[in-house]
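Every position in the sequence shown, counted from 1, becomes a number in the working numbering once 12 is added.
In short, the hints are calculated from the structure, not lab data.
Backbone N, C-alpha and C define an ideal beta-carbon position, used for all residues, glycine too.
Among the hints, a few may not be true.
To be verified - No farther apart than 20 Å at their CA atoms in a straight line, the calculated lysine to any residue pairs in the SDA-like style are these:
1. K46 - L106
2. K50 - R70
3. K51 - P135
What the hints assert, rightly or not - Label pairs and their in silico Cβ distance ranges:
4. S128 - K46: 19 to 25 Å
5. E28 - T143: 28 to 34 Å
6. D88 - D118: 30 to 36 Å
7. N152 - P103: 23 to 29 Å
8. E35 - R77: 17 to 23 Å
9. N66 - M13: 32 to 38 Å
10. Y119 - A83: 36 to 42 Å
11. E136 - R62: 33 to 39 Å
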Amino acid sequence: MVECDPEFADTAAFCEKYGFPPEQSGNTILIASKRGEKKYSACIALAHTRLDVNHTVRDVMGVRRLSFASADETADLTGMMIGGVTPFCLPEDLPVYVDGRIMELDYVILGGGSRSAKVKIHPEVFNKMPTVTVVEGLAN
13 MVECDPEFAD
23 TAAFCEKYGF
33 PPEQSGNTIL
43 IASKRGEKKY
53 SACIALAHTR
63 LDVNHTVRDV
73 MGVRRLSFAS
83 ADETADLTGM
93 MIGGVTPFCL
103 PEDLPVYVDG
113 RIMELDYVIL
123 GGGSRSAKVK
133 IHPEVFNKMP
143 TVTVVEGLAN
């Protein structure tokens, strides 16, 4: 666990303030479908990349239109604020997609469940989580 000032919880600010490289830092982002029955997923990508929401994320979720979940949706579904979302306390029915590049790292820094904490983990932990699917090309 890495404690941090909530003012520096956003990944770029956290990395600059605490000296962690963005290439070893990830963001857990909630994605929501736009049409029909609402579907959600959590996607984890490295801080220096962008989720491929228009292709890869859409395909793995099996929806045509999607967007980033709002701050309110994120808080309602996860109980966490943007900037502190961790993949380790999510609802059991929420799929988690991890960009394949993360699995190549010796560690990754992720949200710790609040804006005042981050966790430093070995990506191998994702292989032990039943809701996680590693997806090559999830982010560019």
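Cross-check of the supplied hints:
Of the supplied pair hints, the one linking K46 and L106 holds, its CA atoms being roughly 16 Å apart against a limit of 20 Å. Between K50 and R70, the direct Cα distance comes to roughly 13 Å. Compliance with the 20 Å bound is thereby established for this hinted pair. Among the hinted pairs, K51 with P135 is inconsistent with the structure: their alpha-carbon atoms are about 26 Å apart, more than 20 Å. Taking 19 to 25 Å as the suggested C-beta distance range, the pair S128 and K46 does not conform, at roughly 32 Å.
Between E28 and T143 the beta carbon distance is about 32 Å. The supplied range of 28 to 34 Å therefore holds. At roughly 35 Å, the beta carbons of D88 and D118 sit within the given window of 30 to 36 Å. N152 and P103 have their C-beta atoms about 28 Å apart, which keeps the hinted 23 to 29 Å range intact. Evaluation of the 17 to 23 Å hint for E35 and R77 yields a failure: the beta carbon distance comes to about 31 Å.
Look at N66 against M13: about 35 Å separates their beta carbons, and that is inside 32 to 38 Å. Y119 and A83 have their C-beta atoms about 28 Å apart, which leaves the hinted 36 to 42 Å range violated. Range check, E136 to R62: Cβ separation about 25 Å, and the 33 to 39 Å hint is violated.
Checked against the numbered hints listed earlier, the structure breaks hints 3, 4, 8, 10, 11; every other hint is satisfied.
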